[in-house]
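Go ahead and model the full structure; you've got the sequences and the hints to work with.
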Amino acid sequence: MRITVQSDDFDLAEALREFGKAPNTGATVSFTGLVRDDTCTLEYMEIEHYPGMCEAAIAKIAEEAVQRWSLTDCLVIHRYGQLRPGDQIMMVATAARHRAEAFEAAEFFMDYLKSRAPFWKKEVTRDGADWVAAKDADEDALKRW
Amino acid sequence: MRITVQSDDFDLAEALREFGKAPNTGATVSFTGLVRDDTCTLEYMEIEHYPGMCEAAIAKIAEEAVQRWSLTDCLVIHRYGQLRPGDQIMMVATAARHRAEAFEAAEFFMDYLKSRAPFWKKEVTRDGADWVAAKDADEDALKRW
Amino acid sequence: MKIEVLYFAWVRERIGEPRETVETEAATVLELVKELKAREERYDLAFSDLKSLRVALDQELSEFDAPLAGVCEVAFFPPMTGG
Amino acid sequence: MKIEVLYFAWVRERIGEPRETVETEAATVLELVKELKAREERYDLAFSDLKSLRVALDQELSEFDAPLAGVCEVAFFPPMTGG
Chain D
2 MRITVQSDDF DLAEALREFG KAPNTGATVS FTGLVRDDTC TLEYMEIEHY
52 PGMCEAAIAK IAEEAVQRWS LTDCLVIHRY GQLRPGDQIM MVATAARHRA
102 EAFEAAEFFM DYLKSRAPFW KKEVTRDGAD WVAAKDADED ALKRW
Chain S
2 MRITVQSDDF DLAEALREFG KAPNTGATVS FTGLVRDDTC TLEYMEIEHY
52 PGMCEAAIAK IAEEAVQRWS LTDCLVIHRY GQLRPGDQIM MVATAARHRA
102 EAFEAAEFFM DYLKSRAPFW KKEVTRDGAD WVAAKDADED ALKRW
Chain P
23 MKIEVLYFAW VRERIGEPRE TVETEAATVL ELVKELKARE ERYDLAFSDL
73 KSLRVALDQE LSEFDAPLAG VCEVAFFPPM TGG
Chain C
23 MKIEVLYFAW VRERIGEPRE TVETEAATVL ELVKELKARE ERYDLAFSDL
73 KSLRVALDQE LSEFDAPLAG VCEVAFFPPM TGG
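Chains as they are written, first to last, in our numbering: chain D, 2 to 146; chain S, 2 to 146; chain P, 23 to 105; chain C, 23 to 105.
Keep in mind that the hints were calculated from the coordinates and are not lab data. It should be emphasised that the depicted structure is a prediction, and the values quoted were computed from it without experimental measurement. Glycine included, each C-beta is placed from N, C-alpha and C at the ideal position. Errors might be hidden in some of the hints.
With the Cβ distance kept under 10 Å, some of the chain D side facing chain C (calculated, not the full set) [to be verified]:
#1 Glu49
#2 His50
#3 Gly53
#4 Ile59
#5 Phe110
#6 Met111
#7 Tyr113
#8 Ser116
#9 Ala118
#10 Trp132
#11 Ala135
#12 Lys136
Think about it this way: if two alpha-carbon atoms lie no more than 27 Å apart in a straight line, the pair counts; the simulated DSS-like pairs of lysine-lysine are [claimed, not checked]:
#13 Lys73/P - Lys123/S
#14 Lys144/D - Lys144/S
#15 Lys144/S - Lys73/P
#16 Lys123/D - Lys22/S
#17 Lys73/P - Lys136/S
#18 Lys136/S - Lys61/S
#19 Lys59/P - Lys24/P
#20 Lys56/P - Lys24/P
#21 Lys123/D - Lys59/C
#22 Lys123/S - Lys61/S
#23 Lys59/P - Lys73/P
#24 Lys73/C - Lys123/D
Written out as structure tokens, the structure is:
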């Protein structure tokens, strides 16, 4: 289990190179989130974070995921700071015996990281800056777990 | 879009290195399937395949996935031949605007590859050899799409 | 007409060969299966339960009542287990 | 008692600083919020709608009616948008 919160970019390929090698791993799933620029006006995204609490909150999510889906391994890397369109924001990887477990755990991670990990995104466009608002749907998504 | 059917092992990290770089990609998901040995008796798994039809069947699945989830990219590598416990069997990667699309498309790929791609698995254990039987649940899984 | 017939997995093992060229006038897959079953016991054994078999015509999944006109390659195999 | 109070995202922007040490006898988070709001308009503005705010006590998500006894660090922020 590896949890990293960093401003530097990460290498997805490198992060996965040694991932999921634990015995009895039958499936691994990885997810990567990238900065999109739908309106072609985004200059950068600023991700603010709460040092210390980030790692603790992610560790708590990871412990629950490992237990519920009997994960053989998991990995989370989340960045903060100024990110440009196309930049990687974060990644999650899960390893389990069966594919349904690996997929479900990865989606669980994403739902919880979105609403329970203390990061805040601000979009700075040519027209001004705005904090990304949490959606009711994000909170609702937690109810399925 | 890249579809490869091969006996050689593949490098997940290398395969993902240049994946999902298309503009407007906000999320990528990858899945890897590995040979498990639950009973500690497995000597190897033999994967038989139907050359030509494999590539065609996977391409058909990929075309539907790309259209339904507006994928910005996808990638499938599937092996055949003798594989040992811990060996990689196959991988799928999907890239889309949003994470729900990338996750759903990856699960769609897996459900269809399982029942519609012409591969057959034989498990050779110390106690003998047996073809892995398709499950009713595998066919049922297609109905959700 | 001449048709290439392919067998995979336990169908191949029961027939004892991966492929053969068959000279037939069968109009449908089902008629071809009947002809093959009449040949030898190993064919009868391989085709004893059609529900446990799948057929592909020219590398596309098909049905046992499908016509064979214009088809070059017929493949018989158990349900697939990819992924 | 002395408590470290942290602000994030637009709460930080409205307050105008990321953290400060507060001397308080507040028994709950809500009492602390009332004290802060009484100080200056920028606090009143930042805490005008508690429904749009979240609070963490010693880096753990909590509630506004939670007691402050033994707490070293209180953080106020809008709903998180990680992932």
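For which of the previously enumerated hints does the structure constitute a violation, in increasing order of number? Every hint satisfied by this model.
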